[in-house]
Amino acid sequence: MIEIWHGLTKAIELIVSLDSEVMEIAVRSLIISVTSTLLASLICLPLGSLIHFSGFPGKRILINLIQTFFSLPTVTIGLFVFIIFSRVGPLGGLNLLFTPAVMVLGQMVLITPIMLGLIISALSGVDKVIQDTAHSLGASRFQTAGVVLREARFAVTSAVIMGFGRAISELGIAIMVGGNIRGFTRIITTAIALETSKGDIEFSLALGIILIFIALIVNFALNRIQQR
Amino acid sequence: MPLIEIIDLSQRLGERDTLKNINIKVERSEVLALIGPTGAGKTTLLRLIGLIDTPTAGKIFFDGVDTGKSARDRLEVRRRMAFVLQKPVVFNMNVYDNIACGLKWRGVEKDVIRQKVTSILEMVDLLAEKNRSARTLSGGEAQMVAIARAIVSEPEVLLLDEPTANLDPISEATIEELIRNIIHHYDTTIIMSTHDMAQGQRLADRVGVLLDGRIQQTGDWREVFNSPRNREVADFVGVENIIDGVIASNEDNVVTIDTIGNAIEAISDYPVGEEVSVCIRPEDVTLALSRISSSARNSFVGEVTRVVLMGSLTRIEIDCGFPLVCLITKRSAEELDLTKGKQAYATFKATGVHVIKRETAR
Chain S
1 MIEIWHGLTK
11 AIELIVSLDS
21 EVMEIAVRSL
31 IISVTSTLLA
41 SLICLPLGSL
51 IHFSGFPGKR
61 ILINLIQTFF
71 SLPTVTIGLF
81 VFIIFSRVGP
91 LGGLNLLFTP
101 AVMVLGQMVL
111 ITPIMLGLII
121 SALSGVDKVI
131 QDTAHSLGAS
141 RFQTAGVVLR
151 EARFAVTSAV
161 IMGFGRAISE
171 LGIAIMVGGN
181 IRGFTRIITT
191 AIALETSKGD
201 IEFSLALGII
211 LIFIALIVNF
221 ALNRIQQR
Chain R
229 MPLIEIIDLS
239 QRLGERDTLK
249 NINIKVERSE
259 VLALIGPTGA
269 GKTTLLRLIG
279 LIDTPTAGKI
289 FFDGVDTGKS
299 ARDRLEVRRR
309 MAFVLQKPVV
319 FNMNVYDNIA
329 CGLKWRGVEK
339 DVIRQKVTSI
349 LEMVDLLAEK
359 NRSARTLSGG
369 EAQMVAIARA
379 IVSEPEVLLL
389 DEPTANLDPI
399 SEATIEELIR
409 NIIHHYDTTI
419 IMSTHDMAQG
429 QRLADRVGVL
439 LDGRIQQTGD
449 WREVFNSPRN
459 REVADFVGVE
469 NIIDGVIASN
479 EDNVVTIDTI
489 GNAIEAISDY
499 PVGEEVSVCI
509 RPEDVTLALS
519 RISSSARNSF
529 VGEVTRVVLM
539 GSLTRIEIDC
549 GFPLVCLITK
559 RSAEELDLTK
569 GKQAYATFKA
579 TGVHVIKRET
589 AR
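Residue numbers (the working numbering), protein chains in the order written: chain S, 1 to 228; chain R, 229 to 590.
Looking at chain R on its own, in the form it has when it is part of the complex (with noise of 0.2 angstroms):
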């Protein structure tokens, strides 16, 4: 049975459907980043998850519980979480009252709570402020603060919403170091938000997608990030070539897909006649200066358009009758020499070839 169970949840804020259907199972022990841009609706889903709001529609089961009954049952279950908010608001009190508030509240003895608050206070190295004004802390050292007050109560859930927005670079290391201690030492279940791609593959187990207010795609990260189930997801995780074509023929699910005047070679299962759009990653595409022969299934000329140096690497537009980004190192865009107007093949592997189902209406 998974530990969180939602089932078709919508949200309706005003004259705005901020989540719709939301479905998503979450296993005990799995860290989940629900990734998506800013009002997705990534806040919402928390909060709701978290039994902060109540949904307009749908129910969250918690470990078998239905968490829409009573409001004891609601108090017993949010017991067993805990949510960083977004913004970290420290209660007017020392730092250790601050952590302690979640114990005290649940009834817990003080010897118990004494003894976990230090042990949390030095986790987080905060120990020796713990008679600081909380008010006074820096936002790291609040955000800390804030963490520290949800796991020091153990839950099974923690929930984090954007743990480490608005916070500088070495604060944000330390946020992340702290939340990996807490997903090795606890094996708590984690949800989390966050609108950086990067830090939801490098902490989550799996990601969900959030776009719009729908989950569009659950999966590993590798799974997310390389078959993106639609244009939408495709976009968000930075396929920057999205090309739009018909499938013209496919032999094998070797498939060749008609994008208004070229041909492009792709795996897929999809049948002849199916709109589709073909993702290429950018640092799947080679350059040459002459065309080559490989084992590469499609080869295109073109005419470079734009050169973008991004430190080791070089981004460069082509045109070949089709846009094309193509990311490159650095020293080779200089051994090819290419610069705007200069002619190029550009290469990519059929198998390198994204090929997603494109939704006409929705």
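Next comes chain S alone, as it looks inside the complex (with noise of 0.2 angstroms):
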């Protein structure tokens, strides 16, 4: 008990202090995570307003194959994803295993289907009369689509957010294609996995406290969009 109390203040002292190792990890994290929330969201604001907006057969099976995709574990998208960058695979002449660029991929790949599920039902959530609306005043499609995305705005950025929450999270991914290599591709979830295998609890501690801390911030920002 005495160790667990000792290694918190220990890892409160490291964040405190700004400790450069702590904060190089804690920061490359966060611009991995935004990296890979930014792309999937160019990715999925048009393909999720494509899905909702135009009618096709299959639809709702597709929409429903988006939300199995929901709760894919990490390792096999890691799995995947080194298959496929890994020196046989078939992107494997990229050289891009073991950067932070395939570990955007790799979150990227894992955030999508959340991201465009929620935006989907986001835009579903928008009452009809507003898309008539538009259309009755001159909107083209194009224009309509713009109004219902900002008659939905909470909705698409709780969307978003709780894709940053997904990826800023994972360890799967992480670890299998990035392969937490020391000042590359060392974020804080694979850190904490390392640091407390080897018995350095302080550290893990202060990683831990902080990833909890950003995931404090997500929380709270989506309670504010959700109250508004």
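Hints are computed from structural coordinates only; laboratory data are not their basis.
Be a bit skeptical, because a hint or two may be false.
[Claimed, not checked] When the alpha-carbon atoms are kept at most 20 angstroms apart in a straight line, the in silico SDA-like pairs for lysine to any residue are as follows: (1) R:K297 with S:S140; (2) R:K577 with R:E479; (3) R:K315 with S:I130.
[Said to hold, decoys possible] Derived coverage of chain R by chain S (criterion: at least 3 residues anywhere in the stretch with Cβ under 8 angstroms from a Cβ of chain S; other residues may be distant): (4) 312-318; (5) 330-337; (6) 377-389.
Keep in mind the model is a prediction, meaning the values are calculated, not measured.
Each residue gets a CB set at the ideal place from its N, CA and C atoms; glycine is no exception.
From these two lone chains plus the hints, build me the complex, please.
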């Protein structure tokens, strides 16, 4: 018990003193996850709108399929991306394995279904009359989509934040395709996993606290948005 | 060339034919009111005219352009119209931006937008509220914004779906005043739907009676009101006395109609033997306590079966072998002391009777 208490105080010391390694890992985590979230948003916003606004056979099935991918295990994605980018894989020639780039890609695979599904349901939540109204006032299909997206902006933002939350907290992909290389691909979750197994509890705790803190901020932002 | 020409338009939703073979022409600057009960297809028709939905069959020509062809044409035509939907939804932005939307989408310059939106805001008396979130407006104000938003782009055609439904009487009067203003200032062609016949009468040049997905009759108000084409229209426009009979004789278009035991005289050109319905407006019936000699051709004695006070008027139902509803002033009713069970003479002119052909099979 004393040891845990001791570890906790040391962890807080590490955070308060802005320990360079802790900060570097935290910042890298943020950069990778923010990047993957932004890139996934760039895909999901137009794609989600397209799926929502166009009627095609199998639309319901597609949405169900997207929702199925909500709970895709991170290690499965990690394995999948690993195979593709390994030396013998189809994209092995790019030499991207064990780089931040491939970690971003893996996280995108993870959060795209979640964001896509939530964006589609956010758009479905907008009263159909809004769409008709925009239409009736002379909006083109594109402009109508813009209005509906705008009306759903809070729910859409929530979808993006949910994606980010999932990205920053995942471990499987980061460790499998990133490789946890110190100063290059080591992020909060991979560092915690490694340091804990090495017995460096205080370092792990410091990063854990930061991760919880980030989760807290994300949650807080989400709550603020949903209250509107 | 009419501005809007609708040819054989039909709409099928699921298993139901919501519109059947609609044919209407609307001239430029005309105000047409579609009247009919709820569920008659008024909204469906307006949505088709507004190019929000596409019909199952038939064509709509706008200013000579077939609107069923390309999506680009449809957008272009849609931008020459504006449609105020029955449920006034405002976008979740401020009042100014709500009204500016249509102009922005049409690529109008910012300065012009500002000037136009400001003048419309003045017109609807909402200039002080321009920065307010539109979601916080009252029902009447939201409807004002919805109409302002529609007319700011100066559409050639304005479609209004039940513009005053669900509004309090004061808001209703304000909205009507605004519509009258628009008719006056902009010379806009307006097609509006209403279930309120009086409103149609107040605002429109011409009415189209839509019943059960069919346009039953179009014409000016007086025409529809006084000469309903068939029993359904007569029912809808409030002719309370509709009596079935057969033409028994016809002399120079003065017909005698046999209505099971009674003979009613009327003006009509239907031949002997034709099955008809006789429409008599309650306000056209005169009541007296004894038989009066007058030029009126129809006089029947009967027993008062019901007396209902309606403000300054009294509605009296009398059984003359057929039930007849009469509307007389409260004072007349008091002077005649008309009470239930009393005998009275009901008189009406042959020219006050409207005869319509009965359609045996539809």
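Hints, verified against the model:
no.: 1; hint: R:K297 with S:S140; in the structure: holds (16 angstroms)
no.: 2; hint: R:K577 with R:E479; in the structure: holds (17 angstroms)
no.: 3; hint: R:K315 with S:I130; in the structure: holds (10 angstroms)
no.: 4; hint: 312-318; in the structure: holds (count 4)
no.: 5; hint: 330-337; in the structure: holds (count 3)
no.: 6; hint: 377-389; in the structure: holds (count 4)
Checked against the numbered hints given earlier, the structure satisfies every one of them.
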